[in-house]
Amino acid sequence: MNALAHGAAYGAVIATVLLAMVALAIWFERKLAGRMQSRLGPTMVGPVGLLQPIADVLKLLQKEDIVPADADRGLFNVAPVLAVLVSLGAAAVVPFAPSTIAADLDVGVLYVLAIGGLMVIPTFAAGWASNNKFALLGGMRAVAQSVSYGVPLVLATLVPVILAGTMSLSGIVAWQSQHHWFAVWPVLPGLPAFFVFFLALLAESNRIPFDIPEAESELVAGVTTEYTGAKFTLFYMAEYLHTLVGSAVAAALFFGGWDGPFAPGLFWMVGKTLALFASVYWVRWSLLRFRADQLMELCWKRLTPLSVALVLLAAAWVQFVPGGGK
Amino acid sequence: MGHVLDALRAMGTTLVTAFRKPTTVEFPKVVRPRAERYRASFALPDDEHGELACIGCLACERICPSYVIKMKPTGKIESPVTGKKRQYVDAFVLDLSACIGCELCIQVCNSDAIRMTREPEVPGFSREDLVLDLERLRANAREKTMSWGKGSELQERQEPPKAEKKPKPEVAPVAVPVAGEAR
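Chains as they are written, first to last, in this note's numbering: chain S, 1 to 326; chain W, 1 to 183.
Treat each hint with caution, since some may be false.
Claimed, not checked - Some residues of chain S that are not near chain W, with every Cβ distance over 12 Å (derived): (1) 40; (2) 69; (3) 286; (4) 298.
As the list claims (entries may be wrong) - Computed spacing ranges between beta-carbons, pair by pair: (5) 124/W - 54/S: 51 to 59 Å; (6) 7/W - 65/S: 37 to 45 Å; (7) 7/W - 133/S: 30 to 38 Å; (8) 33/W - 300/S: 56 to 64 Å; (9) 33/W - 133/S: 48 to 56 Å; (10) 124/W - 61/S: 31 to 39 Å; (11) 55/S - 7/W: 30 to 38 Å; (12) 124/W - 143/S: 51 to 59 Å; (13) 66/W - 61/S: 42 to 50 Å.
Claimed, not checked - Listed next, the stretches of chain W that the computed footprint assigns to chain S, with coverage defined by at least 3 CB atoms under 8 Å from CB atoms of chain S: (14) 19-31; (15) 70-81.
These are computed hints drawn from the structure, not numbers from a lab. Where a beta carbon is used, it is the ideal one built from N, C-alpha and C, also for glycine.
Next up, chain S with everything else stripped away, as it sits in the complex (with noise of 0.2 Å):
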């Protein structure tokens, strides 16, 4: 009883704290658009634009909201909700600081990818009940991408995971305190093994360049082709959300979480936070959409040999190096 009122207070606080970096994180991502394309991103809204983001739900929530005629519309309806609870529940196990933790599980890390790889299912919902082609392709496209990507995804986790010898999150993150950081030291298994991770979290959230499940050029919107208003926003928060959660995940699996120097956790956690969200915006920006081919090539020629190397690696750095497992 005790540790569920602590985790539905924890679980309160941080999905608040979240939807309110969601909302920032958009102005920050279209500012950082803006910039990047030598333009000056939202400017008219509040100081800066920073009100952008509430007039665009406001102007999103006006919208009328449109079932198809032949849409499946219980779910229908339901996608877009669950893919906002898939993406916040990933949330729970990440640590924030040394004690703030929703729920601290001993199999965080599982609870995560779990999660993570749930994302699809709103996605191929949302695809297959809108019925419409488009929505479906992308729909397709999405779990096609997603069950690939899973494989590095998992694998590359797995790196962090043997070196520290634990599966909870924020057991990875007291081990990198004392020790070192992952993306640092063992620097062979370590750094690439975050770029794996990053890469397969791109794949996993949709964002290009791997986007192609919306594809706008080919498939209008795809999965979102027909949804409308409120039920278009929540989409689009869970878009940013699933992003936010997954930076954090990386910033707590390779980067040390709340661990820095002079500072509370808390900033330090949500500085890499927002460092590596920034970063991957900065991907957004700067390259442009993988083929459908290219992609399933870099996954299972490219990212899956790797990661299987990469296990491996850390393996025998924690079985051979002296000194390696602790």
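Position chain W against the provided structure of chain S, taking the given hints into account.
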């Protein structure tokens, strides 16, 4: 490997751009200087005696390629200022919504009686806002900055080079537009 390098180069470009000053000019707040020959709206200025310079000769109405000028000449009456006989206009309407800004009306005006203004923009909330009547055209002449060209100047620039031998008349005979030509 080449692909990876290309991707890194692309990301380098965006990173460098992100720290550069944006090229955006925030238009309503910052207005870039207009070109000297920039022209937008119209004005009917007064002549040197302080009365409307337009003599209602219909030259601009006839040359206008989009037929946006309509005027009503008065016929010759005695000027209350100079006492000489001349013609005025009772009504002069210029519809900016269809005007293509070709400046032909300025070029054909022998009395320098129609000018274009250099004000930045001339928006309106309704189509009627874009229809300039005599009153608004005269107000423009009082309030707005004029663009560079006058009828007499433009005609002089565009005249073919004159033969040297002929003695020049004091005042160059002005080209009277032929009624109904090329309409």
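Cross-check of the supplied hints:
1. 40: violated (5 Å)
2. 69: Residue 69/S clear of chain W: closest Cβ-Cβ about 39 Å, beyond 12 Å.
3. 286: violated (4 Å)
4. 298: The claim is violated: residue 298/S sits with its nearest Cβ about 9 Å from chain W, within 12 Å.
5. 124/W - 54/S: 51 to 59 Å: Because 32 Å falls outside the window, the suggested range is violated.
6. 7/W - 65/S: 37 to 45 Å: holds (40 Å)
7. 7/W - 133/S: 30 to 38 Å: holds (32 Å)
8. 33/W - 300/S: 56 to 64 Å: holds (59 Å)
9. 33/W - 133/S: 48 to 56 Å: Holds - the Cβ-Cβ distance for residue 33/W and residue 133/S, about 52 Å, lies within 48 to 56 Å.
10. 124/W - 61/S: 31 to 39 Å: holds (33 Å)
11. 55/S - 7/W: 30 to 38 Å: Holds: the Cβ-Cβ distance is about 34 Å, inside 30 to 38 Å.
12. 124/W - 143/S: 51 to 59 Å: The hint (51 to 59 Å, Cβ to Cβ) holds, given that residue 124/W and residue 143/S are roughly 54 Å apart.
13. 66/W - 61/S: 42 to 50 Å: Distance hint for residue 66/W, residue 61/S holds at roughly 45 Å.
14. 19-31: Per the Cβ count (6), the hint holds.
15. 70-81: Check failed, 0 qualifying residues.
When held up to the earlier numbered hints, the structure conflicts with 1, 3, 4, 5 and 15 and fits the remainder.
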